[in-house]
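Participant: Below, each chain spelled out in residue letters.
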Amino acid sequence: MHDLHDVEVAERMGRARSRLFFILAMVFFAGQSLYFTSSPLTRDSHARVGAWLILVILILMLLATGGFLLRGRNVRDLLNDETSRLNRLASQALGFWVTIITALVVYVESIFDPLTLNEGIHVIVTLGVGAALISFAVRERRAHRID
Amino acid sequence: MTEVLRNRLREERDSKGWTQAELAARVGVSRKTINTVENRVFTPSATLAIKLAEALGVSVERLFWIER
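As they're listed, the protein sequences go chains Z and L.
Throughout the first sequence, residue numbering follows our numbering, covering 1 to 147 in sequence.
Throughout the second sequence, residue numbering follows our numbering, covering 1 to 68 in sequence.
Just chain Z, with the same shape it has in the complex (with noise of 0.2 angstroms):
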């Protein structure tokens, strides 16, 4: 049995969560627009490359976690309870085809219109990490308000 005071902070930090998530995703792609539109010859700096990386690395991380960052165990228990792991597999599962997709969607564009490594790897990460972060972000969010 938990904490009554527990429960209701695990549906605060729930509805935190799929908002910050929803974020993270719009930030996300907006930065991988930013890599599109800016020069070729300055867009694979040292400093770009690392923070998307480690851009990349957080958003995995709370993709295999649920929330790494948050403490007390019991309401990290409560906010990864049998819902939210549900949630979180079907959003990995989307999460893979759609990387799938796009890869095989770049490697045939490739033959027409040549993409550079780097571009292709941007790309299909991009869509693939995203997709999943806005697929748990939003599943989270439709079984908070349901009524």
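Since the hints were derived computationally from the structure, they do not count as laboratory data.
Don't take every hint at face value.
[Stated by the list, open to error] Pairs of lysine to any residue residues, derived as SDA-like cross-links and limited to a Cα-Cα distance of at most 20 angstroms, are as follows:
hint : chain 1 : residue 1 : chain 2 : residue 2
1    : L       : K51       : L       : E11
2    : L       : K16       : L       : F64
3    : L       : K51       : L       : R26
4    : L       : K51       : Z       : R85
5    : L       : K16       : Z       : L4
6    : L       : K51       : Z       : F29
7    : L       : K51       : Z       : L4
8    : L       : K51       : Z       : H2
9    : L       : K16       : Z       : H2
10   : L       : K16       : Z       : D3
11   : L       : K51       : Z       : D77
12   : L       : K51       : Z       : E82
13   : L       : K51       : Z       : L86
14   : L       : K51       : Z       : N80
15   : L       : K51       : Z       : D3
16   : L       : K51       : Z       : N74
Predicted, not measured: the structure shown is a model, and the values here were computed from it.
Given the coordinates of chain Z, assemble chain L onto it according to the supplied hints.
Facilitator: Only chain L this time, still in chain Z's reference frame:
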């Protein structure tokens, strides 16, 4: 043939005078999970179904049934 898992979680919870959050605390899940089970958005695992039945003091069969 379509099979749908139905439940009377809301009725049993209401009969105890508990909120979704109170039942969630007793079972050890989030309020969202109770909400999605009540609204048949989420199909609970056998473990959760048993915990819910135990918390409400009813049998699993009374709480959940399959409609064909």
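Participant: Now, for every hint given, state plainly whether the structure supports it.
Facilitator: How the hints compare with the structure:
About 17 angstroms separates the Cα atoms of K51(L) and E11(L), which keeps this hinted pair within 20 angstroms; it holds. Taking the CA atoms of K16(L) and F64(L), the gap is about 17 angstroms. The hint holds against a cut of 20 angstroms. Pair hint K51(L) plus R26(L) holds up; C-alpha atoms about 9 angstroms apart against a cutoff of 20 angstroms. Between the alpha carbons of K51(L) and R85(Z) the distance comes to roughly 18 angstroms, so the proposed pair stays at or under 20 angstroms and holds.
With a C-alpha separation of about 16 angstroms, the suggested pairing of K16(L) with L4(Z) holds against the 20 angstroms cut-off. For the suggested pair K51(L) and F29(Z), the alpha carbons sit about 42 angstroms apart, so the restraint of at most 20 angstroms is broken. For the hint linking K51(L) to L4(Z), the alpha-carbon distance of about 17 angstroms falls within 20 angstroms, and the restraint holds. A C-alpha spacing of about 13 angstroms is found between K51(L) and H2(Z), which places the hinted pair at or below 20 angstroms, so the restraint holds.
Between K16(L) and H2(Z) the CA atoms are separated by roughly 18 angstroms; this keeps the pair inside 20 angstroms, and the hint holds. Between the alpha carbons of K16(L) and D3(Z) the distance comes to roughly 18 angstroms, so the proposed pair stays at or under 20 angstroms and holds. With a C-alpha separation of about 16 angstroms, the suggested pair K51(L) and D77(Z) falls inside the 20 angstroms cut-off, and the hint holds. Pair hint K51(L) plus E82(Z) holds up; C-alpha atoms about 13 angstroms apart against a cutoff of 20 angstroms.
Straight-line distance between C-alpha atoms of K51(L) and L86(Z) comes to about 18 angstroms, which keeps the hinted pair within the 20 angstroms bound. Between K51(L) and N80(Z) the CA atoms are separated by roughly 17 angstroms; this keeps the pair inside 20 angstroms, and the hint holds. Pair hint K51(L) plus D3(Z) holds up; C-alpha atoms about 16 angstroms apart against a cutoff of 20 angstroms. For a cut-off of 20 angstroms, the pair hint linking K51(L) to N74(Z) stands: about 17 angstroms separates their Cα positions.
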